[in-house]
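Each protein sequence line maps, in turn, to chains A and B.
Letter by letter, the first sequence follows residues 1 to 214 in the working numbering.
Letter by letter, the second sequence follows residues 1 to 214 in the working numbering.
Hints may be right or wrong, so weigh each one.
Said to hold, decoys possible - Some chain A residues near chain B, calculated using beta-carbon distances under 8 Å: (1) Pro52; (2) Ser61; (3) Thr62; (4) Asn209.
What the hints assert, rightly or not - From chain B, some residues computed to sit far from chain A (all C-beta separations above 12 Å): (5) Ala58; (6) His167; (7) Gly187.
What the hints assert, rightly or not - Far from chain B by the CB rule (all over 12 Å, computed), these chain A residues: (8) Lys26; (9) Gly29; (10) Glu30; (11) Asp86; (12) Pro113; (13) Asp144; (14) Ala160; (15) Asp161; (16) Trp182; (17) Leu185.
Since the hints were derived computationally from the structure, they do not count as laboratory data.
Being a predicted model, the structure only gives us computed values, none of them experimental.
All residues carry an ideal CB built from backbone N, CA and C; glycine is no exception.
Here are the chains, one letter per residue:
There are 2 protein chains.
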Amino acid sequence: MARVRVHNFNVSLDGYSAGETITLDKPIGEAGALFARFDGRFIHGVDAVDAPITLDRALTSTWGQGIGAEIMGRGKFGPQTGEWADEDWRGWWGDAPPFRTPVVVLTHHRRAPISFENGTSFHFLDATPEDALACAQDLAGDRDIRIGGGPTTVRQFLAADLIDFLHLVTVPVVLGAGVSMWDGLAGVEDRFTVESATSASGLTHQFWNRIGAD
Amino acid sequence: MARVRVHNFNVSLDGYSAGETITLDKPIGEAGALFARFDGRFIHGVDAVDAPITLDRALTSTWGQGIGAEIMGRGKFGPQTGEWADEDWRGWWGDAPPFRTPVVVLTHHRRAPISFENGTSFHFLDATPEDALACAQDLAGDRDIRIGGGPTTVRQFLAADLIDFLHLVTVPVVLGAGVSMWDGLAGVEDRFTVESATSASGLTHQFWNRIGAD
Numbered sequence: 001m002a003r004v005r006v007h008n009f010n011v012s013l014d015g016y017s018a019g020e021t022i023t024l025d026k027p028i029g030e031a032g033a034l035f036a037r038f039d040g041r042f043i044h045g046v047d048a049v050d051a052p053i054t055l056d057r058a059l060t061s062t063w064g065q066g067i068g069a070e071i072m073g074r075g076k077f078g079p080q081t082g083e084w085a086d087e088d089w090r091g092w093w094g095d096a097p098p099f100r101t102p103v104v105v106l107t108h109h110r111r112a113p114i115s116f117e118n119g120t121s122f123h124f125l126d127a128t129p130e131d132a133l134a135c136a137q138d139l140a141g142d143r144d145i146r147i148g149g150g151p152t153t154v155r156q157f158l159a160a161d162l163i164d165f166l167h168l169v170t171v172p173v174v175l176g177a178g179v180s181m182w183d184g185l186a187g188v189e190d191r192f193t194v195e196s197a198t199s200a201s202g203l204t205h206q207f208w209n210r211i212g213a214d
Numbered sequence: 001m002a003r004v005r006v007h008n009f010n011v012s013l014d015g016y017s018a019g020e021t022i023t024l025d026k027p028i029g030e031a032g033a034l035f036a037r038f039d040g041r042f043i044h045g046v047d048a049v050d051a052p053i054t055l056d057r058a059l060t061s062t063w064g065q066g067i068g069a070e071i072m073g074r075g076k077f078g079p080q081t082g083e084w085a086d087e088d089w090r091g092w093w094g095d096a097p098p099f100r101t102p103v104v105v106l107t108h109h110r111r112a113p114i115s116f117e118n119g120t121s122f123h124f125l126d127a128t129p130e131d132a133l134a135c136a137q138d139l140a141g142d143r144d145i146r147i148g149g150g151p152t153t154v155r156q157f158l159a160a161d162l163i164d165f166l167h168l169v170t171v172p173v174v175l176g177a178g179v180s181m182w183d184g185l186a187g188v189e190d191r192f193t194v195e196s197a198t199s200a201s202g203l204t205h206q207f208w209n210r211i212g213a214d
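The whole structure should be built from the sequences, with the hints applied where relevant.
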């Protein structure tokens, strides 16, 4: 049975997963410290693991395994807000986005799908989490769905109890401000088992599996 | 640059990785306890990770990533010794061996290659570790080579300093007898950095990266 999974989701010690304002230069706003301390290189996904193979890299490399589609918020696709002023801009990733599957981009402003040679395609959808998931499942066949973020999107799917697996990475930095991972989710841990592991880099990896999901 | 990797290699507390005698019923002899305590299901390899996704499963699932060929000892392929009495027997795994790449089987008794629809093929070779590696590299293109075991094979490649990465799993069992992982390898750790992590199952995962290999 296909699952809904979140991978490599970074959270600061004070609970932020992105900065408040994203720009072309700063895709996750002022929260760059979350990734600067992070040894993941997870965009290599399923094809390779960089040398040396560390615990962080091995854990983050499960990102692509068995995944048939991703759902992301508009801010993960790019910094534009409102109507699409520049449709020539096709995402942060240039000609080879790392996803290699269909990707559903949640936005109130629809536009035509975009396809890339490496198997990635973006489909822009104005939908509830439930409807977006149904669309992603059609695109994914019997493979799993990854909720790719940002934090607002992950939070919506968690609130709707649609997440089966969450790989959370606690990064030992204090951001002081940003987009919260946890707003409105008090007690969410009751629906999951949680396994934790530390790595030499100082990160803590948490594996949340929804009770009854397997 | 392609690397030579070992993954998910189980060792008991007293240093054994297989039983002394393997049979059709007991592919790793009396060392079955090594796997009975092991939550890996690593043969799912690169395609999926079973639910729930545990630390053990995530770590072991890097097994197939970026791998273009495997080298294994004859005992991993099957229990026959000496001349091949039964060439109809095509390995422990039935019609769909989990490898999905070419596999070099080290044996003094050559036989014709075997191919399967899922991309697995077995090539029987009487060769030194160095020559087997050259053959595997031809088969793997620019992808990495996995040394698949058993322990005697891994030990030979370690002794020849041909291993770039070793994922060792210390299993908290005492076997009392078997095929040693460590015979003749005193001080081998000097050639590697080692990162360790424990998991909820009681296993300890060690990531050995050869110094200067990256």
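Hints versus structure:
no., hint, in the structure
1, Pro52, "holds, 4 Å"
2, Ser61, "holds, 6 Å"
3, Thr62, "holds, 5 Å"
4, Asn209, "holds, 4 Å"
5, Ala58, "violated, 5 Å"
6, His167, "violated, 7 Å"
7, Gly187, "holds, 20 Å"
8, Lys26, "holds, 29 Å"
9, Gly29, "holds, 29 Å"
10, Glu30, "holds, 30 Å"
11, Asp86, "holds, 36 Å"
12, Pro113, "holds, 26 Å"
13, Asp144, "violated, 8 Å"
14, Ala160, "holds, 19 Å"
15, Asp161, "holds, 16 Å"
16, Trp182, "holds, 21 Å"
17, Leu185, "holds, 20 Å"
In terms of the numbered hints stated before, the structure departs from hints 5, 6, 13, listed from lowest to highest.
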